[in-house]
Amino acid sequence: KAGVTQTPRYLIKTRGQQVTLSCSPISGHRSVSWYQQTPGQGLQFLFEYFSETQRNKGNFPGRFSGRQFSNSRSEMNVSTLELGDSALYLCASSSDPGQGLETQYFGPGTRLLVL
Amino acid sequence: GNSVTQMEGPVTLSEEAFLTINCTYTATGYPSLFWYVQYPGEGLQLLLKATKADDKGSNKGFEATYRKETTSFHLEKGSVQVSDSAVYFCALSDPSGDKLIFGTGTRLQVFP
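Taken in order, these protein sequences are the chains called A and B.
Letter by letter, the first sequence follows residues -6 to 108 in the working numbering.
Letter by letter, the second sequence follows residues 433 to 544 in the working numbering.
Please keep in mind that the hints were generated in silico from the structure rather than gathered at the bench.
Careful: at least some of the hints might be erroneous.
Stated by the list, open to error - Going by beta-carbon spacing under 7 Å, a handful of chain B positions derived as facing chain A: (1) Tyr471; (2) Pro472; (3) Glu474; (4) Thr503; (5) Asp530; (6) Lys531; (7) Leu540.
Claimed, not checked - If you want the ones that stay clear, here's a sample from chain B, every Cβ over 10 Å from chain A, calculated: (8) Ser446; (9) Asn454; (10) Gly461; (11) Tyr462; (12) Gly510; (13) Ser528.
Source: prediction; values computed, not measured.
Beta carbons: idealized from backbone N, C-alpha and C, even for Gly.
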């Protein structure tokens, strides 16, 4: 069974631009969570989607948004990029959020550099 | 709110040395506790978990015990290998149980 895939793996953008990251969960998984990893703040929860609905949201500004499609693939979008948005963005999938966090599988991440 | 504090790294050890990475937490209720490992260029992998006080999680020679009285979940391994070089994250479940709250990570470097 293929793992969680994230595209692209690396991305360079400039301030003010917008970016879209994609996450394909493990086949059969319907829950997708996004995390931001930075050296200063560590790993922080962005949001979680289940069956195309946002179930949870972290403390990030409205510039960060996401969505989930009927095939469970998820995208996150960051508008008006700032230097501080440079980070590794990790996606995690699980079959059902009610089955516990230990059932989450993480993808390799998308490394975003904002210049 | 819930939070996790990890010892800062890097932790540098020789092969076969004993490893301890400290992790303490602040939480309401009874969260589940986790250790994740991130190898270079890869995503996070669940290393071990504990869901209640006095539980011991173990995997690949690593162990951690859920200590409610000291609010700790220290990671230990009796004899590290070069292949254990990675970043280790302590995490707990938030009160809703729907998301993870991570520590800042500790980089472990093991030299032959």
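Evaluated hints:
1. Tyr471: At 10 Å from the nearest chain A Cβ, B:Tyr471 fails the 7 Å test, so the hint is violated.
2. Pro472: With Cβ-Cβ at 11 Å, over 7 Å, it is violated.
3. Glu474: holds (6 Å)
4. Thr503: Given a least distance of 19 Å, the restraint on B:Thr503 is violated.
5. Asp530: holds (5 Å)
6. Lys531: Hint holds; B:Lys531 Cβ to chain A Cβ min 5 Å, cut 7 Å.
7. Leu540: violated (16 Å)
8. Ser446: The claim holds: B:Ser446 sits with its nearest Cβ about 26 Å from chain A, beyond 10 Å.
9. Asn454: holds (16 Å)
10. Gly461: About 14 Å separates B:Gly461 from the closest Cβ of chain A, which puts it past 10 Å; holds.
11. Tyr462: holds (14 Å)
12. Gly510: Holds: least Cβ distance 24 Å, greater than 10 Å.
13. Ser528: Given that some Cβ of chain A is not farther than 10 Å from that of B:Ser528, nearest at about 7 Å, it is violated.
The structure fails to meet hints 1, 2, 4, 7 and 13 from the earlier list, while all remaining hints are met.
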